[in-house]
Structure formats: structure tokens, C-alpha cells
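Chains as they are written, first to last, in our numbering: chain A, 38 to 788; chain B, 3 to 190.
Honestly, the hints are just simulated from the structure, not real lab data.
Please read these numbers as outputs of a predicted model, since none were measured by experiment.
One or more of the hints may lead you astray.
[Stated by the list, open to error] In silico contact screen, one side only, chain B against chain A (beta carbon under 7 Å); selected entries: (1) Val58; (2) Met88; (3) Ser102.
Every residue gets a Cβ at the ideal spot worked out from N, C-alpha and C, and that includes glycine.
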Amino acid sequence: MRHVWRPLLALVVLAGAGFFILAGLELDYRLDAFLPAPQTAQQEVVVDQVSGGSAGRLILAAVEGATTPELAQTSRLLAEQWRQLDGVERVDNGDWSAEDGIVDKLMQARFVLAGDVTERVQADAVAEALDERLSELAFAGQRVERLIARDPLGLVETLAADLASAGRTRSVDGVWFDDAGERALLLVHSAHAPFAIDEQSHLLQSLRERFDDTAPDAVDLVLAGAPVIGVASAEASRSDALRLSLWGSAVVLVVLAFAWRSASAMLAGAVPLAAGVVCGLAVTALAFGQVHGLTLAFGFTLLGVALDYPVHLFGHADRRALSATARNIRAPLVLGVASTLIAYIAIWLSDSPGLAQLGAFSAAGLAGAAVATLLLPTLDPALPRRAQPTRVQPVNWPAVPLLLGLAALGFLLWQGEARWSNDLSRLSPIDREQIAADRELRNALGGGDVRYLIAAGGETLEGALQAAETTGELLEKAREDGLIEHWQTPTELLPSARRQQQRLSAWPDPDEMRERLGAADSGFRDEAFEPFLDDLAQAKTRGPIDREFWQGTPLAARLDAQLRETADGWRALIAPVGLDDARALAQFLANGEAPARLVDLAEGSQAMVAAWRREASVSLGIAAGVILLLLGLRLRRPAEILAVALPPAAAVLVTAAAMSYFGGGLSIVHLIGLLLTAGIGLDFALFSRSFRGDPPAMARSRRAINTCALSTGGVFFVLGQSTIGLLQMLGLTVALGILLSWLFTRIGQPR
Amino acid sequence: MISGLLTLILLVATASAEADGRLDELVAAVAPDGDRAELDFREVRHSPLLSEPLVVTGRIWRDHRGHLVRETVEPRRATYTLTSSMIVIERPGRAPRNHSLAHAPELAVLYHGLSALLGGDADALRERFEHELTRDESGWRLQLRPRDGQLAESVSVLSLSGEGDQIQRFELALAEGETIETELSRQP
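One chain only, chain B, in its complex shape:
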């Protein structure tokens, strides 16, 4: 009986150690080598106000200061720079606007998740999120659930998936039920 329990503990320990190792491995693979490796993104947003879903396209990258920059081309040109606490919105012909990320929990989750992943910082991911990494023939799938209570109230899960060292899509599931799907592709 006792040995059975020990075996179980051992098994669980090995499994999580293995999972941790796999997260480090994934993060190391996914993080771009260059300073500014850009990802093209294509996001689809549904809204009852729209006759057809809105497609948002642009580029996303992590800059040398560790900020996550999201530059949209469609439907409008704009640059959104995310820092750990702020978002700066810049649009042509307009004064930049600053907002606290406290107002936009989904962006805070996105920032913490993507910038840690693109920055190759697995520890930061573990600190901020409970993660679950699964792999199958089609690739890998990383589910990140915010540990922070306030963030978790608004965002249930950020799921990233891809193949090999490529992140191909992420999906932000908001607690209210909306899901934001974004497809990513590395620039040639």
C-alpha cells in the first residue's frame, strides 16, 4: 500500500518534471533568435453589429525593450505598444494615447503570455500562469490560465498552438463568452 502511494507520488513528480522540461523546450524553440522577429497576424472578430466578421490584420513583435508591439494594417493603420502596465495607442495624424492595462485585462494577459513566450522566458510564464502543454501529431497546444485573480475574472484562458518552433494561432477566451481568434504566420 505504502509502496503503491510512493509509486504514485513518484509518477506524478516525474510527469510534472517532464511537463516543465517540455515547456522550457517549447519556449526555447519558439522564441525568435533575432531582435525583432515579426509575426503576421490575422484576427477575426465577430459582432452582432457587423454584417460579416471583422478581419484585423497586421504584425506583432517583441521589441528590444521587451514591449509587445501590435501594428494593425486593416481595418486601420495603428500601433499598439503594450508594456507591463500601459498601452500606448498611436495613429497617424493623432496624438498618442496612454491607457492603463488595468482597464483591458485581455491585453494584459496577451502581453504577459506572448512577451514571455517570444522573449524565451519560461519562468515568467510559470509565475503568471498555470499552464498545460499537450502535443499530438498535428503539433502542440499550450493553455495558459492567469494566476492573478482579477485577470482570471475577465479572461478564462489563452490558448496557443503551433507546430515545431512556429506559433500558428492563439485564442483568447474571455469570461463573458467572447473568443478572439488570431492566426499567426512567421514572415518569410
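Here chain A stands alone, though its shape is the one from the complex:
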């Protein structure tokens, strides 16, 4: 037992330090941290939308399973119930009758919001409008009298109808329905950030509970949208990750228990990894102040290299004191660590903050783990109880890794750009069926493609609004050409001040308006519309409305989503609806010299992933060169350099080719897996090569490498069984890489 307490104490101290740092660390869940710094305005829009855009907060709800009127009634009750929930910013179902605030605001703003003022106040248009009011009066009587007196031209009704429907959604009984009239549709805007998974999960649960309390039994609720997908995938990954890490740990424990047969050694073996985690966390906290959730996940993976260090140490233990063994393995260990550090530091220098954090965490962690390994003898652990390994005749077929490596390289070159996969969705652990359900519901809602946005920029808010208006005029022409059906623009809610002034001055003075209303000879009393004329006079004195005007109404959130402040001004986002040929519209806008561009979010994000991966590839390429230089300086003889560099290089190339062929292209996750493979494989080769003059040491080295390959390879193989695409990709890449590294080290070294 005397060998147990020191390693145990060290582990407890490290665990304490780890918790202390984690507690003080700000965890960051913004996805944009893992995207490269945007280079173009288009990329800026993409990052903005991905990280906090309204699309990420939108929950789509469909209510089905009853007659149309029942569903309409349920939709109305549900919207009312949901609006009371914490975490709900707003609920839209097409029905604004409950929103007194909006009607009131529309009443105030109608004189600057309604277009075509000159036509509206023409004699025949006025007569037509009054005739319309008369038929409303004939139908609804007293209930509409007040509204008619205040709004004889029917401006509010027109504005509300335009704003409430995105132009395409069918509405029954004033609430949104799908085209078949079988599902009532609602939109819930979550107040929580898209990546605040716990809050989103809680909100979804509350939505469902309120639905159960409100709706008749026969009615079903379907929820979709980014928060639903996010919550589902988080729940899936949590249970999957827990299950797999338990299995993975079991694999390591079994392998090491068999290899070392000593509790003390196993406890001590965990110390370097723990030290690595603590160092990684501490450096990241000091350098960045916050850590992205994904950094931690990937960082722990990259620290997998450090799992091998104590295995090498204990594997080389003989009858001498452990400190002598540590001195013995110092040379290959330090060389291996130094090489891997070069690669990790290259990542640290990346432009994307998430990647930089990952590099910093891994580099610091690896250095910490290496130092802890060399200091392990001070903890006085028991030595593994094992017989001396038998010596085997080495096999020297360097041609195997060389030829396989060259073939793999050839394949990757032949594949060209197809070897890369830029599909962001592959990285996210989202169920594809859920995405399909989401898309279907989105289409039913007529919200159109969330894939496209038209971005109009300006140095000031007014500039951006004017640009959006100019673009809107062009879009009118595009509609005539059949390029687009409809669009949602922020200027529906907030026209530019210039346009508002134009509209205000186009309205006749109240006295003249009174004459025009009287001239229509509609059967209304002359003084019937005094409330309207008062409003008109007030609007004229008040002047244009500003962005603050909508504060406190559900429309403020919509305006915020459509008007974004950028580093160098403002951007107005117009959402196209019914866009069949995006390229044609983009061309149309360019030909018309529109002060706006069509942004394809999907293409933009793909381009960004590609750029990100290119950046990482270049850094890693440079790192590989530096590593070779380092090996050359240390090992001097070209044959030695080749012997050490060939097995990991060939393993990485063959793994890359295999993953690219079977996995449909390489992603950034594969790159991280390959990086880890290279680090582990290099250690294998170094350790295998370093003890060539000493047959017993060489046999021990070989056995240690076997143990490493089994334990670390086993962990990643288990990870590769995940149902989550991202974990599966990572696990299989590393497992295959370790297997090949082990094989090539074993058989592929020159004599």
C-alpha cells in the first residue's frame, strides 16, 4: 500500500486544481468561435446568422388532428398560453387581434408605413375605401364603428395583413394554416441563445406542458426548428458520450491491469494525463479567459497522446530504479513531445479563436503531461510486475509503408477537391430525419428558404434602410419577371427617414382630407372621421418614426433580426420568399446595380469551412516541415530520419485516403484525428528506433508500444461506435491510424 498514497494524493490535488480552474472558467457555446474570422461581407452575414441569428431561436410548431375551426381555436389559445411563458420572446400565429399593442402602434405609424399615398388619397380611391367601410358596417355594425371613424381608408387592416403573413401563408379564421388546411402553424421565438441547450430544453418542455393543458386530446403537436434539433442532439450526444466513455475507460483499465498488474502503477499512470488537463485548462484560461465547449471536447481527445507516456515509462522499467528508466526514455520522449508540440502550436497560431484555443489547450496539456511523466518516479509508484518480454526477430519491410503511403498520396491527389467535405451539417450531431421534418414545416409556413438572404449595407442606419428600399424597388421588377414571389424587408416596419418624410408630405392637410372624404358622398356623416383627421394632424407634427418606436411590441424582435449593426455600419436583411432560381436573382440584382447582394448561407458556410480547413492544412504542412527539420537536427542520419518519419507519415496518408474514400470526404474532424494519429505514430517510431542497440530494451519498447496501441486504439475504436457522426468520424480515424502506425512501426522500419 505504501506505493499507493503518493500517486493518489497527486491525483486528488490535480483533480482539485482542475475543478478550481473549471469553476472560474467561462464556458462559451457560440458556434462562431469555431468558424474562421470572416473575410467578406457575405461571410460576416453567415457568422452573424449562425451565431445568434433569429433562425437559431425559431421554434416551428404545427397543431394537427382536428377540424379546421378547432385547430384555429387551439392555435389561438396556445399562442396566448405560450406568450406567458418565461423564455418566450414572442409567438406568432398570424392572429394579431390579441395584440392591442401592435394595432395601436400600427395606428400611429400607418401614415409613414403605407406606400402609394398619392394614389390612396385620389378621389376614386377614397370613394372605394369608404364604400368598403360601408359594407363592413353593414356586416359588423357597432363593433367596427370606432375603427372606421379612426381609419376610413383601411390602412391598418392592409398593413397588418401584409405584416402578419409572409405573403404566402394561408390563413384560416385569421391564423396560419398549411396549404391543405390540416395543420395550424405557429412560430415561437425563444429568448434563449441557440446554444443555451439547457434553457432551450426547459422551454420546449414548458411549451409541450402548456399544450397538453390547453389542447383537446385528439390534437397533436409537432415541434421543429433549430432549438428542437439542438436539444435533441445534445441529449443524444450526452447519453452516447457517457456510455462510450465508460466503455472506453473499461478498455484502458483492462489493458493496463493486464499489462502492469499493479494498482499503484495504474494510479500513477493517470497522473500525467491529469496534469496535462490541468496545465491545458490553466494556460487556456490565462491566454483566452474563456473556453469554448468544443475546445474542451477536442482538447481532451488530442491529449490522448499523453495516455501513452506513462505506458512507455512503465514499459521500459527493469530492475533499476524508475528514475533511471525515466532518464533512459527521456531522449525519444522529449523528441516526440517536441514534434507534437510544433504541430499543436501551429494550430494555436490559427485565425479562428476556437482552433487557437484548441491548439493552446493541447500544447500546454501535452507539455504538462510529458513533464509529469518524467517526474513520476518522485511519486514512488510500485513497478509493474511482469516477466521480461521475449525477444523476436524484427521484420524490416520498409517498402510496405512506403508503397502504401505513396499509393494513398496518389489517391488523395487524384481525388482532387473531392477529398474535402465542406458540409457543415456533417459536423453537427443532428439527426437527418429531424432536419427533413424541419424543412417540411418551414416550407408549409412559407417562410421560404432560410438559406438565402438579401443583405443591403450602409454606413448609417438610414443608409442601410435607403439601400433596402432601392433594392425593394428592384425586387418589384424581379417579381414581374417571375424571379421572386415575395420578400420581407425591415423597411415594412421602419422605412428610411427620407421615405417617411416623402409619405408624410404626400398626405393632404387635415382640412383638405376632410374635403376629399366629404366629396366621396358615401353616406357617412361629414364629421364622422374627425378621429382620423386628428391622427393625421398628429402624424404630420410628429414626423418620422425611429427604431425605438417598436420597442415593447413583438415586432421589435423582428426588426432587430432584420437590422444588424456591423463593424462599419448597418446591414438590412431582406428575406426572400418563393425564390426558385437564386443565381438568376443574384445576377438580376448585380445587373440592376442594387446596393445589396444575395447571400447564400449554405454556400457561405461551406466556403468558410473550406477556408478554415485550408488554413489548418497550411499550418500543419509548415509544422510537418519544421518537425522533419527537428528530427534531422537530432537524428542526423537520413536513414534514421526516414525510419522515424516513414511509419507515422504512411499511417496518416493511408488513414486519410481510407477515411476520404469510405467517409465521403475529409472534414476538419478528420484533420484533428489525423493530427493525433501523427503524434502517437511518431512516438511509436521514436521509441521503437531509440533502443535498437539494446535487445532487452528493444523488446520492452515493443511491448510498451503494443500496450499503447491496444489501450489508446481501443478507446478510440469504442468512440468510433458512436451514433453521432462527429464522434464516429473521430474515433474511427484515430483507431485506424493507431493500428496502421503500430503495424508500420513493427514491420516497416529499415534494417
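Starting from the known structure of chain A, fit chain B onto it as the hints suggest.
Structure of chain B alone, referenced to chain A:
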């Protein structure tokens, strides 16, 4: 004393039985034989906004699906189709609009009353309304008060009156005080 009470009970029972019988009789007489017997209507609406009362004219009928269709000619051409829960408003050159009858209690009362009467369904009338039928030399008068609490909050009474098998007018008295008077005449 006891016999006096019995007599009273008997008298009341006979009276209501007689009234029920009379309702069935009236409904049977009033319900048109054909599929689509149209009634011309002329409705007068008063409003402080108007210099003179608004006259609404058109036709009203119960279609084969049991819907009540009200087609206005003046002041504007429009078709209002009432079903048990919805109203569909159709106007030339415009997309039809759907609304729930829950927003328009007076229309719900009108639908339930008129469609049961024109459909010859006295039981439906009894189920939905408390009725009071009186007759005198000038004709009959049927007062229908909605049993449904929510409807009763907005509409106090729908009174129909006529002569023989003709409904000649109905009057919808809203709880707020407004009264909508509609005169009906069978088309020749």
C-alpha cells in the same frame, strides 16, 4: 289542496305540450319544400357615423350542405357563408376570407336559429334556444334566447315573426343595446 296542485301541474304540462306542438307545427310550415328556397332580405342598420340609416339588401337561403348563405347586393356584392363554426366571406376580385363564428356571436345565433328553422329542425331549435311562441290576429312571433352562456352574453334575443308559413322579419337584439332588424320576403 292537493287536487288543486295536481290541476296546476296538469295545466302547466298541457300548456307546454301544446306550445311544443305548436313549435313543431310552425317549423314544419315555415321550412321551404324545395332545396333552395331563397328569401329576399332588407336590413336597416343605424349608426352615428351615417347621415341616414344604411339599407342592406340581398338574398338568404339554406344550401344543400346545411350552410346558411347570405348574399348581399347593396351596399356591395358579397357572399357570406355561415357554417356551424365558420364564416366564409367572398367578394368579387378578392380571396375568400375565413373567420371563426366565435368572434361574431350574433352571426352564430342567426345561423343556429335560421338554419334550424329553414331546415325544419324543431329539435335543434329546442336544444339551442329557450323559445317562446305567441300568436295573434296579425300572425306569429317566435322569440329565441340562446342557452349557450357565451352567446347569451352578446345576444339577448332573436325574434322572428311572420304570418302563416311566411317568415316576414327577424330582429336580433344585442346585449349592448343595438338592434338589427331584417325584413324578409319570399321570392315569387
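Hint-by-hint comparison with the structure:
no.: 1; hint: Val58; verdict: 4 Å, holds
no.: 2; hint: Met88; verdict: 5 Å, holds
no.: 3; hint: Ser102; verdict: 4 Å, holds
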